[in-house]
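Read off the chains here:
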Amino acid sequence: MKRQYLVIESIRRLKNDVYYMTFTGDCHEVSAPGQFINIKVGGFYLRRPISICDYDIGHISIAFKVVGAGTQKMALAEKGDLVDVLMPLGNGFDVSKGGRNPILVAGGIGVPPIYCLAKDMVGRGEKPRVICGFNNADDVLPMTKFNEIGIDPTITTMDGSVGMKGLVTDAMYEEQYDYVYACGPEPMLKAVWSLAPDGQFSFEARMACGFGACMGCSCQTKYGSKRICKDGPVLYREEIIW
Amino acid sequence: MVDTKIDLAGLSLDNPIIPASGTFGYGKEFAEFYDLDVLGSISIKGTTREARYGNPLPRIAECTDGMLNSVGLQNPGLEAVCDTELKDLAELFHKPVVANISGFSLDEYVACAEVMDKQPNVGIIEVNISCPNVHCGGMSFGVDPASAAEVTAAVKNVTTKPVFMKLTPNVTDIVAIAKACEDAGADGISLINTLLGMRIDLKKRQPVLANKMGGFSGPAIFPVAVRMVYQVSKAVNIPIMGMGGISSTRDVIEMMMAGATAVQVGAANLVNPYTCRDLVTGLPGAMASLGIERLADIIGIAE
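As they're listed, the protein sequences go chains V and R.
Heads up: the first sequence runs through residues 1 to 242, numbered per my numbering.
Heads up: the second sequence runs through residues 1 to 303, numbered per my numbering.
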């Protein structure tokens with residue numbers, strides 16, 4: 001974990017208010033899918049925590065959604081800009097603790113870290129099944145990166161405009177699995193949690209520091225309080241208290 | 001060669017830079033970034049007699065040049081802090097620390113002060129009197145001179161180490177409260193704690209913080225802090241740890257010219273974890289450029 005500058009290699013709009021940004025720099029410390037970086041945005045006091053979508057020793061990429069003035073400003077960044085980041089942060093997913101027959105479930109902007117996990121699993125010789133849920137056709141993110149690693153995710157939309165009509169949990173009913181990796185909005189995580197025999201769940205929270213100092217994102221678990229930024233963002237099924 | 005040493009209530013510090021309580025945990029996270037021994041001291045996370053989980057999430061809201069927090073004094077409680085956190089910190093930081101304590105009744109303050117006084121690596125006890133007094137209708141101890149004096153006297157009665165009273169700025173007359181603390185035996189004053197603030201989420205049409213209101217900190221509050229440190233330093237004869245929005249070496253010098261003997265750095269640690277280290281390394285250069293040879297010479301120099 002350190003503070004460093006990355007160089008923006010590319011930025012493009014992925015879909016409506018979702019942007020995809022790639023960086024070059026020293027990324028060798030990134031050790032697991034599900035970790036995140038905390039980005040300083042000019043003119044804003046606190047950093048913006050964003051999950052890593054893809055990484056290698058000299059690059060990372062993120063996909064982020066414009067949800068306020070800070071991410072709006074991020075979307076205006078240009079190729080070649082230097083960005084002040086703290087990274088890597090958080091524990092990330094641990095596939096060594098996963099089950100024999102896992103399924104990966106993502107909702108909305110929770111898709112990028114799940115892609116990162118899927119790619120990691122493919123690298124280990126597995127071919128994970130992936131479910132990606134969105135509100136409607138407008139929100140559906142391109143699945144190109146999944147397809148490139150040989151995965152064809154099941155898509156669900158609330159209105160049925162693309163893929164299966166319904167929630168990610170509706171798609172889960174059609175699958176056999178003994179372990180779930182999930183990332184998405186909290187109501188989705190809760191619904192997925194109730195169907196999962198076991199699994200790892202990546203949470204989102206408003207953070208100040210992102211590295212465990214301020215207690216701004218502490219939540220209660222079965223094993224005492226945990227900081228989403230430092231002890232998470234990935235929590236294990238058995239420890240989660242809703 | 002410039003001299004950054006200062007004397008703080010009998011404690012000799014290599015420099016006046018002290019990370020503020022609640023923004024530095026017990027040092028562990030920052031020891032991953034730099035060697036803590038460069039710091040003058042460290043004010044540890046506020047400790048209460050019992051463990052506290054704190055407030056519901058969200059606890060953080062952003063502001064222009066600052067932030068709100070409503071962490072709610074989350075801490076593992078006095079026993080765990082002394083048995084584990086302070087001992088672990090002693091391995092990472094080899095100088096006396098500032099033990100920040102809080103309470104919701106006089107008894108709780110006394111219990112914390114008594115135990116902290118016995119800890120070998122505690123150099124100063126800093127008493128946060130911004131919490132609501134549960135025995136007095138929930139009004140903060142720190143908003144009334146009489147109750148501030150009462151806490152001061154009770155803590156002084158059970159301690160041998162210097163006691164700094166940490167004051168809330170959310171009062172009409174900060175000087176009266178500081179003087180009441182001095183008269184009751186305080187060895188120093190820490191100020192300012194956070195300003196009470198609030199933000200509203202425009203989409204949800206509701207407060208951002210689950211607790212609705214929270215403490216406002218960051219560069220935006222610096223002028224308020226300088227003003228209060230100045231006012232109090234002119235009125236009392238005990239040293240002041242000045243804090244509130246400090247993020248540069250110029251801020252450190254300004255706060256000391258206003259009357260602070262040492263400074264605490266809070267929110268800035270959360271945005272740039274290297275802030276305090278950078279202040280320590282940058283201070284000699286900043287002093288030299290302003291013609292300051294001994295930092296101690298500028299304390300309260302502003303008339």
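Treat the hints with care, since some could be wrong.
[Unchecked claim] Once the Cα atoms are required to be at most 20 Å apart in a straight line, the calculated SDA-like pairs of lysine to any residue come out as:
(1) Lys5(R) <-> Asp201(R)
(2) Lys161(R) <-> Val175(R)
(3) Lys40(V) <-> Pro219(R)
(4) Lys87(R) <-> Thr64(R)
(5) Lys5(R) <-> Lys203(R)
(6) Lys40(V) <-> Lys87(R)
(7) Lys145(V) <-> Gly166(V)
(8) Lys204(R) <-> Thr71(V)
(9) Lys15(V) <-> Gly58(V)
(10) Lys2(V) <-> Gly72(R)
(11) Lys73(V) <-> Thr64(R)
(12) Lys15(V) <-> Asp120(V)
(13) Lys28(R) <-> Thr64(R)
(14) Lys73(V) <-> Leu202(R)
(15) Lys28(R) <-> Gly224(V)
(16) Lys204(R) <-> Asn135(V)
(17) Lys212(R) <-> Gly224(V)
(18) Lys40(V) <-> Phe33(R)
(19) Lys73(V) <-> Val122(R)
(20) Lys73(V) <-> Asp201(R)
(21) Lys95(R) <-> Val110(R)
(22) Lys119(V) <-> Asn135(V)
(23) Lys145(V) <-> Asp120(V)
(24) Lys2(V) <-> Asp144(R)
These aren't lab readings, by the way, just hints derived from the structure by calculation.
Given the hinted pair Lys212(R) and Gly224(V), is their alpha-carbon gap at most 20 Å? At roughly 25 Å apart (the allowed maximum being 20 Å), Gly224(V) and Lys212(R) break the hint.
Holds or violated: Lys15(V) with Gly58(V), Cα cutoff 20 Å? Violated, because 26 Å separates the two Cα atoms, which is more than 20 Å.
Is Lys204(R) close enough to Asn135(V), meaning Cα to Cα at most 20 Å? 19 Å, holds
Take a quick look at whether Lys2(V) and Asp144(R) sit within 20 Å of each other, Cα to Cα. Violated: Lys2(V) and Asp144(R) sit about 44 Å apart, past 20 Å.
CA of Lys5(R) to CA of Lys203(R), is that 20 Å or under? Violated - the C-alpha atoms of Lys203(R) and Lys5(R) are around 50 Å apart, more than 20 Å.
Does the alpha-carbon distance linking Lys119(V) and Asn135(V) stay inside the 20 Å limit? Violated - the C-alpha atoms of Asn135(V) and Lys119(V) are around 24 Å apart, more than 20 Å.
Assess, step by step, whether the Cα of Lys15(V) is no farther than 20 Å from the Cα of Asp120(V), and give holds or violated. Violated, at roughly 24 Å.
Given the proposed pairing of Lys204(R) with Thr71(V), does the C-alpha separation stay at or below 20 Å? It holds: about 18 Å lies between the C-alpha atoms, which stays within 20 Å.
Holds or violated: Lys145(V) and Asp120(V), Cα atoms, limit 20 Å. Distance ~13 Å between Lys145(V) and Asp120(V) Cα, so the pair holds.
Lys73(V) paired with Thr64(R) [C-alpha distance capped at 20 Å]: 15 Å, holds
Would you mind confirming whether the straight-line C-alpha gap from Lys40(V) to Lys87(R) stays at or under 20 Å? 34 Å, violated
Going straight from one Cα to the other, do Lys73(V) and Leu202(R) come out at no more than 20 Å? Distance of about 18 Å is within 20 Å: holds.
Comparing the model with each earlier hint shows violations of hints 1, 2, 4, 5, 6, 7, 9, 10, 12, 13, 17, 19, 21, 22 and 24; every other hint is respected.
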